[in-house]
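All chains, please: the whole structure from these sequences, using the hints.
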Amino acid sequence: MDCRIGVYVCNCGTNIAKVVDCDEVARAVRGMPGVAVVRSYKYNCSNPGQEMIVQDIRDLGLDRVVVAACSPRMHEPTFRKALAMGGINPYFLEMANIREQCSWVHDDPRAATDKAIALTRAAVRRVALHEPLEKRYVDMNPSTLVLGGGIAGLTAALELAMSGQPVILVEREDHLGGNLARTDLTAPFLDSARDLLRDRVARVSGNPRVTLLLRSELKELQGFVGNFMARVGPAGIPAGEADQTYPVGSVVVCTGYQPFDAARIASFGYGRLPDVVTSFDLERMLREGRVLTDKGKPPRYAAIIHCVGSRSETWHPYCSRVCCMTALKYGHEIRATNPDCFIYDLYIDMHAFGKGMEDFYRRSAEIKTIFILNEKNSVPEILPAEPRHGCGMLIRARDMLCGEDVEIPADLVVLMVGMEARHDAGKVAHVVNISQDKDGWFIESHPKLDPVATTTDGVFIAGTCSSPKDIPDSVAQARAAVARILAKIARGRIEVDAVYAEVDEQSCSGCRMCNELCPYAAIAYDEEKGRSHVISALCKACGTCVAACPSGAIKGRHFTDAQIFAQIEGVL
Amino acid sequence: MAFEPRIVGFLCNWCSYTGADLAGTSRVKYPPNVRAIRVMCSARVDPTFVVKAFREGADGVLICGCHPGDCHYSEGNYKTMRRVPMLKRLLADYGIEPERVRLEWVSASEGQRFAEVVGEITEAVRRLGPCRIKSNLETDLAER
Chain A
0 MDCRIGVYVC NCGTNIAKVV DCDEVARAVR GMPGVAVVRS YKYNCSNPGQ EMIVQDIRDL
60 GLDRVVVAAC SPRMHEPTFR KALAMGGINP YFLEMANIRE QCSWVHDDPR AATDKAIALT
120 RAAVRRVALH EPLEKRYVDM NPSTLVLGGG IAGLTAALEL AMSGQPVILV EREDHLGGNL
180 ARTDLTAPFL DSARDLLRDR VARVSGNPRV TLLLRSELKE LQGFVGNFMA RVGPAGIPAG
240 EADQTYPVGS VVVCTGYQPF DAARIASFGY GRLPDVVTSF DLERMLREGR VLTDKGKPPR
300 YAAIIHCVGS RSETWHPYCS RVCCMTALKY GHEIRATNPD CFIYDLYIDM HAFGKGMEDF
360 YRRSAEIKTI FILNEKNSVP EILPAEPRHG CGMLIRARDM LCGEDVEIPA DLVVLMVGME
420 ARHDAGKVAH VVNISQDKDG WFIESHPKLD PVATTTDGVF IAGTCSSPKD IPDSVAQARA
480 AVARILAKIA RGRIEVDAVY AEVDEQSCSG CRMCNELCPY AAIAYDEEKG RSHVISALCK
540 ACGTCVAACP SGAIKGRHFT DAQIFAQIEG VL
Chain B
0 MAFEPRIVGF LCNWCSYTGA DLAGTSRVKY PPNVRAIRVM CSARVDPTFV VKAFREGADG
60 VLICGCHPGD CHYSEGNYKT MRRVPMLKRL LADYGIEPER VRLEWVSASE GQRFAEVVGE
120 ITEAVRRLGP CRIKSNLETD LAER
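Note that the protein sequences, when read in sequence, are chains A and B. Counting from 0, one number per residue, gives the positions in the first sequence under numbering that gives the first Met the number 0. Counting from 0, one number per residue, gives the positions in the second sequence under numbering that gives the first Met the number 0.
No lab work stands behind these hints: they were computed from the structure. Where is the CB? At the ideal position from N, CA and C, for every residue including glycine. One or more hints might be untrue.
Covered by chain B, according to a simulated footprint, are these stretches of chain A (three or more residues, beta-carbon under 8 Å) [claimed, not checked]: (1) 101-108; (2) 117-126; (3) 182-196; (4) 431-445; (5) 559-571.
Within a straight-line C-alpha distance of at most 27 Å, the following computed DSSO-like cross-link-like pairs (lysine-lysine) qualify [claimed, not checked]: (6) B:LYS28 with A:LYS437; (7) B:LYS28 with A:LYS41; (8) A:LYS17 with B:LYS28; (9) A:LYS218 with A:LYS437; (10) A:LYS17 with A:LYS447; (11) B:LYS28 with A:LYS447.
Encoded structure:
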């Protein structure tokens, strides 16, 4: 094989170099067939690092490049661009993952260096067999399907419609607003949730560009970025004749969260003690304008318990992010309806991380909310009180600041229920083909650099379906997803990966086994020729047919048998 | 020197390779014996890849895909699930212990699990000792 390969061993500062001897890796591949130049460099993804590759391609006539660095899931697009800048086909790149799958997971420098050498050698052998591939372009349908009509979905739909693009907004319930519609004021600025929603709901409902489908859900999503077919039908019943199909180019999933069920923690007595309520129960009272006990009396003592279902070894390990400020808000709101009420606030840590929040915490202390630092993973116990106590209930808790067990009087107890992934999140994930993390939240393409995209091109996530979030973050994410979609629409047509399967008609025996195996019905059979062929626009390059073809007639572009064999030889 | 097994890993791009990357970003430590090859789907793992790996001197082969029902290509892993037991029977006929091949499901969020899977197969293959198929084949060919 005549080729000129450049190999770049990235030190990633010390991320790779502190465990892997990068110079030894460089020495080990120098002299391999086809290798023209080997360099070890501090940061190959930096501008000078990329420029080095571009220059070498031009000066040394390189026609293949191996970058031994981070995961290809991180910087493959970066280095492909560098190859294109240098004037060679971007698919003449192969990366060896010596960071995520080597230096970050191994402590022994000898073993890690040996593994890095093996992975880099495999990449060198593989890249020699790479073929130039041309990108494919498909038209971009400007319509977008938005799933969920909470604050994130409303924002996404409205932004898209205002930019002149058609939107299909699908909501399971019979009204818009999601969980925010159940809320009175918002923290920390005490704006009315009603005001936030009213205007948006009206503008979405009356918008000629928005097709609003209430009491509906997505039943099926077929196709690929730019060209999806979305089947939408009545919520809660199986797919059927009532379903409608909409062609859309993108999907924004804004399906939100569900509150933690407080009845699961028995010692709180929720459902058993009538004056133990959840945050959403209290929101309802606040929206009605009066906070009263079950017997209709204004409470003299109100206690607010944080982290119900959150930050717990037993329930959810994560923080739900909004409850601390919401709890402080209740101090202000209960006081507003009932100025004589004593407010006790039982917290684990006060998370006041956002704009205006620390000020809000201070103001809450000034209105004499009594804060009690509660021990993490200990659940306060709520008991009915006796008449001599002069209150409805007693809360037994451990006050960490004075180191004593305390009994707190309460006529009303508010449980700050956390956020959890919706019970049907798995179904949604399956339909739109995205993944969930261990807690059920949808997984972003990259948690820091690509937080609203998913592993399925054209499907975006925004709001609390991907993790607990407050309103500003949900709104920002919805707008971020819209920006991504508008960028695609503006280009008119979109680039799709050049990786797909091809049938060699000469070798095809026409057995049609691949026709049955393809999950996308992307392989058609030509009756006249008696041969199968791949419809490349539908192919998603899984390679199932390639592995199954008894005649070896199907080639998985960029994942050919020869390329993978070369890699196997290289790692061993 | 103690026997260090050489294991080839075939990881699907969407779940298991991402899970392995997550083990890295989370700095979870595991043995360095598995060398990963990325495929788009576990269903791309042609049985000949596994045979090739043993032929080239691998002591074990690890195939990882998305959990059943979670495949990025909706059902590729079901094909893998059916192929691997058949392959193991074939390998047994060649004198390769079926325990040298392992099919595991590792999702994109299971970095810890990926590390555990690597630890398990490394230990299992270490107990089996080196795979002799490569040297046996070479002796056979030399005698012929």
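Outcome of the hint check:
1. 101-108: Since three or more residues must qualify, the claim that chain B covers the stretch 101-108 of chain A holds, with 6 doing so at under 8 Å.
2. 117-126: holds (count 3)
3. 182-196: Contact hint for the stretch 182-196 of chain A vs chain B: violated, 0 residues under 8 Å.
4. 431-445: holds (count 6)
5. 559-571: With 8 residues closer than 8 Å to chain B, the stretch 559-571 of chain A meets the three-residue bar; holds.
6. B:LYS28 with A:LYS437: With a Cα-Cα distance of about 20 Å, the restraint between LYS28 (chain B) and LYS437 (chain A) holds, given a limit of 27 Å.
7. B:LYS28 with A:LYS41: holds (24 Å)
8. A:LYS17 with B:LYS28: Holds. LYS17 (chain A) to LYS28 (chain B) sits at ~15 Å (cutoff 27 Å).
9. A:LYS218 with A:LYS437: holds (24 Å)
10. A:LYS17 with A:LYS447: holds (24 Å)
11. B:LYS28 with A:LYS447: holds (23 Å)
Hint 3 from the list above is the single one not met by this structure.
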